[in-house]
Amino acid sequence: MAVRGRGGCCPRMDLLRSEAMQLVQIIIPIESAHRTISYLGDLGLFQFKDLNAEKSPFQRTYATQLKRCGEMARKLRFFKEHMTKAGLSPSKKINSEADIVLDNLEVKLGELEAELIEMNANSENLQRAYNELLEYKLVLEKAGEFFYKAQSRATDQQREFEAQNIGEGSIDSPLLLEQEMSIDFSKQVKLGFTCGLVPREKSMAFERILFRATRGNVYLNQVAVTDPVVDPASGEKVEKNVFVVFYSGEKAKNKILKICEAFGANRYPFADEIGKRFQMIYKVSGRISELKTTIDAGLLHRNNLLQTIACQSEQWNLLVKKEKSVYHKLNMLSMDVTKKCLVAEGWCPTFATKQIQDALQRATFDSNSQVGAIFQVLHTQESPPTYFRTNKFTSSFQEIVDAYGIAKYQEANPGVFTIITFPFLFAVMFGDWGHGICLLLATLYLIMQEKKFSGQKLGDILEMTFGGRYVILLMSLFSIYTGLVYNEFFSIPFELFGPSAYACRDLSCRDATTEGLIKVRRTYPFGVDPVWHGTRSELPFLNSLKMKMSILLGVAQMNLGIILSYFNAKFFGSSLNVWYQFIPQMIFLNSLFGYLSLLIIVKWCTGSQADLYHIMIYMFLRPTDDLGENQLFPGQKTLQLVLLLLALIAVPWMLFPKPFLLKKQHEKRHQGQSYAPLHVTDDSIDLEEHHDSHGSHGHEFEFSEVFVHQLIHTIEFVLGAVSNTASYLRLWALSLAHSELSSVFYEKVLLLAWGFNNVIILIVGIIVFVFATVGVLLVMETLSAFLHALRLHWVEFQNKFYEGDGYKFQPFSFAILNDDDD
Amino acid sequence: MYGFEAMTFNVHSGYLEAIVRGYRSGLLTAADYNNLCQCETLDDIKMHLTATEYGPYLQNEPSPLHTTTIVEKCTLKLVDEYKHMLCQATEPLSTFLEYITYGHMIDNVVLIVTGTLHERDVQELLEKCHPLGMFDSIATLAVAQNMRELYRLVLVDTPLAPYFSECITSEDLDDMNIEIMRNTLYKAYLEDFYRFCRKLGGATAEIMSDLLSFEADRRAVNITINSIGTELTREDRKKLYSSFGLLYPYGHEELAACEDIDQVRAVMEKYPPYQSIFSKLSYGESQLLDKAFYEEEVKRLCLSFEQQFHFGVFFAYMRLKEQEIRNLMWISECVAQNQKSRVHDSVVFIF
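The listed protein sequences derive, respectively, from chains A and B.
Using the UniProt record's numbering, the first residue of the first sequence is number 1, and each one after it goes up by one.
Using the UniProt record's numbering, the first residue of the second sequence is number 1, and each one after it goes up by one.
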């Protein structure tokens, strides 16, 4: 199965083994460097290594170009901001015009920006004038109202005053009327006033300060403006009050003016004669409408400009992003001594060699360079990146594995098996074909809408669900299958595959036990017989079934894990791992739990009533005792003794030989080295000094460390064999919880509501049932079963063989540029 | 309840402590400073800063940058962080956080009053104010003619009001007066803050007393050095010293009598914690004293992060960030004026 993927004869192991990679050096003449990199970016199969890691970003060769790109990106963001303000969205379609040269684009963007800024400044000025006029109008109206009211009140009062002819000084006469009222002209004080607008939130403080500053010698009147007013200075909508302040004296005036300034209160001239006031209002309204048309024309003009920008901005954006990434990569290349060419190093999959060479040639040709780029493969000790070619179906499963750890280069990838085992184990815990169908419908919707959803930004949760849509698809299909096996449909059993095999012997067996049942037909052909449902022995029966099934599944999966470790060992040519790790592990696990599985199957087949716990426990405690009634097959005792012995032997077998053999190997190699100092002949190109070598040669051999490591590994495996098997019982536990929960919702909610024979209660019951089913069973149970399946894969399955200490292949590709938008 | 903070501290302030520690890890490191010091232009600085926590604040600035823009944006970040913390804070942490800004308030008041005295435009002055020390009616300060008015008009509404009780005079404002006012206010503020921290108790009291004492002592030294050769009398000088700290009370007596910098030095060298600061300076030099004090302060502030469950980290973070902004300003200025040789003169590495 796992043969080295090097030769052409072997079957391709696309997903089991990561792609064969090679470290490649490309020497590019400087004049074609940019084009070469961008072609490689189009190809997207080359991962650059940073050869200038010690240089800070602005000391690198192409720092200025990067800065220019950053500047252009900023301008584009500036446009975008204005476009969103104007309610335009950049057109998605990218018209593939003849490619724009970056320099031209830079100039063009600069021009556009200047134009836009100028327009903004103009319209801002106009807007400010407009807002000021609006405010002025408000002041005129509100303050006018106030003056008018005061005057009318004054005349009333005066009339009263004249009628009653009482002395002046009535308490409730308005203050400002003093001047009109005072007949004594010598007492008359010249009252000044100013009026304007002050932000409402500051109005209290404003009043207080005014009062304090003038020692109370002011009269302030404020009227709230109902609608928020656009502040001329900031351009924001603010709630404001119109105020009129009356004061006396020049000193007070100065203070008040300063305070107004400090509070950002805009003052406006105001005439106290009605005629003049109306004239002013008229004038102001005229100017407002005038300004309005000017502003509208300006806005139209600006929108036109933005529209033209919007047409192309997406394309420009992409271009700038591409350029920026190209220069980033160019910065990673090291400059040749002669400054004539750049040296790139990086990883690429071996299958891409031809494509890369093609791209290089095209780049050379297109940029009319005299010298072609040189492509050469380097040999290295460094471990290459891991690259799986996944598609949209397999990628989400690979994600599950990658979340634990990226596979070591070319080690067996659990992702292949995860595709089936993960949804299957999930379904064992989620066995209900009704719920399965609900999940299936939901995920089918996501898959149908794939085209639509994949282009847009989704919310966090939806995005996660959408990403795992194919996982959920398989999960739902499998849970329909296991639901059929468990015979559960929202916890209701159906006689889908023919009638139940059992029937009542007589009428006495009504009371829900299996006591009086006799087998009348052939065994129910598929899954659990519906007659079990609701009986008193339902739980013991299903528990025993599911528990045993969990153990069988667990042992099978763990065996698969160990077998994969064999393939790994064989692939990496380590016979040590086969003989001293794989074989004893196989023996240990199978002599204990393989045997248990065997017993389970035998018990199922023969229908024996032997107590398996008893057998397993006494296999350790008193291996020589007679099994008695628990004997399942002849010779069982001898077999048990042999198995126990094998298991006992397997432990030291795992523990001791490997470290000692490793030590011997190391010594031999060390000895050999003194005779053959040119051991590293294939590292002929000496560019590898800075690559830290991952090969076993470079390591100091520390025996105690290796031994302790092996000791830990052995203990972990031995204990793990027990605890991992027990861990698989979660399959049973969760499936039990699921079926119990769903039967509770069905019986205690739906049937209970039904029993009342009342429509309203029934409706409430149905609503509660639906919400409980969706919320608890479909969402939360899915999540918990998902997590448990995840754990079984990450811990119980993968710890048998998976190293997961590799790193991912991250090629330089334009295709992924669009994805990491903002 | 010293020693029992661990039980209850996290109930109210655990979240914010986590936040502030997260902020702290965003402070520029020595490697960042090294890179920044190598920059050739302000654009380089911007490019480097966009790769740090300052990124979102600087990336949309058009290219011909000025030092002021960089400083402004960096300060804006600090203010945003402060406001975020203040929003989340409950008593007594919120009061503590407010206390941190009073120092800036005093500086702003002084700035505006001095500015109006010299007939500067109010708007221009407001732009120069530190945004952390802003309060509602700050612009009205320009109206006041003397201390009494200043107090009665504006400051009575601010938290600074109680600190004013000592310096209400009807004298007209002049530079000397204002400087004395600043120091009196600062003294009152530090003492109040100190009392508040003592009242909080626990690790907060312990750490903050240490930090505030250092601050008080530093101010005492600065006041002494600045007042040498002015007509300030001994008694007046002594009045400006805060009544706590390592130098209180005997050191203050001696400092009050100092008449040149070497005498100050002689006084300070009696105190072991300050010995190291002065031993770095050659005789008669006061230029580098500021930097030496800053370095010592940064060291102490960083140490406060070593202990958990106290409010000192908030104070320390704000101070460190201010230091960082000062550093950035200095570096940017040096780069902008082509004085790269002097870049290291005033930069205090934080980590």
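None of these hints come from the bench; they were simulated from the model.
Predicted model, so just to flag it, every value in this text is computed and none were measured.
All residues carry an ideal CB built from backbone N, CA and C; glycine is no exception.
One or more of the hints may lead you astray.
What the hints assert, rightly or not - Derived pair list, reagent style DSSO-like, types lysine-lysine, alpha-carbon separation capped at 27 Å: (1) A:LYS202 - B:LYS128; (2) A:LYS237 - B:LYS128; (3) B:LYS299 - B:LYS199; (4) B:LYS83 - A:LYS237; (5) A:LYS137 - A:LYS108; (6) A:LYS55 - B:LYS340; (7) A:LYS49 - A:LYS408; (8) B:LYS199 - A:LYS258; (9) A:LYS55 - A:LYS748; (10) A:LYS67 - B:LYS77; (11) B:LYS238 - B:LYS128; (12) B:LYS77 - A:LYS80; (13) A:LYS49 - A:LYS321; (14) A:LYS67 - B:LYS291; (15) B:LYS83 - B:LYS239; (16) A:LYS237 - B:LYS77; (17) A:LYS85 - B:LYS77; (18) A:LYS202 - B:LYS83.
To be verified - Computed footprint of chain A on chain B, listed as stretches where at least three residues anywhere in the stretch have a Cβ under 8 Å from a Cβ of chain A: (19) 46 to 53; (20) 148 to 154.
Enumerate the violated hints, using their earlier numbering and listing them in ascending order. As far as the earlier hints go, 5, 8, 9, 11, 14 and 15 are violated by this structure, in ascending order.
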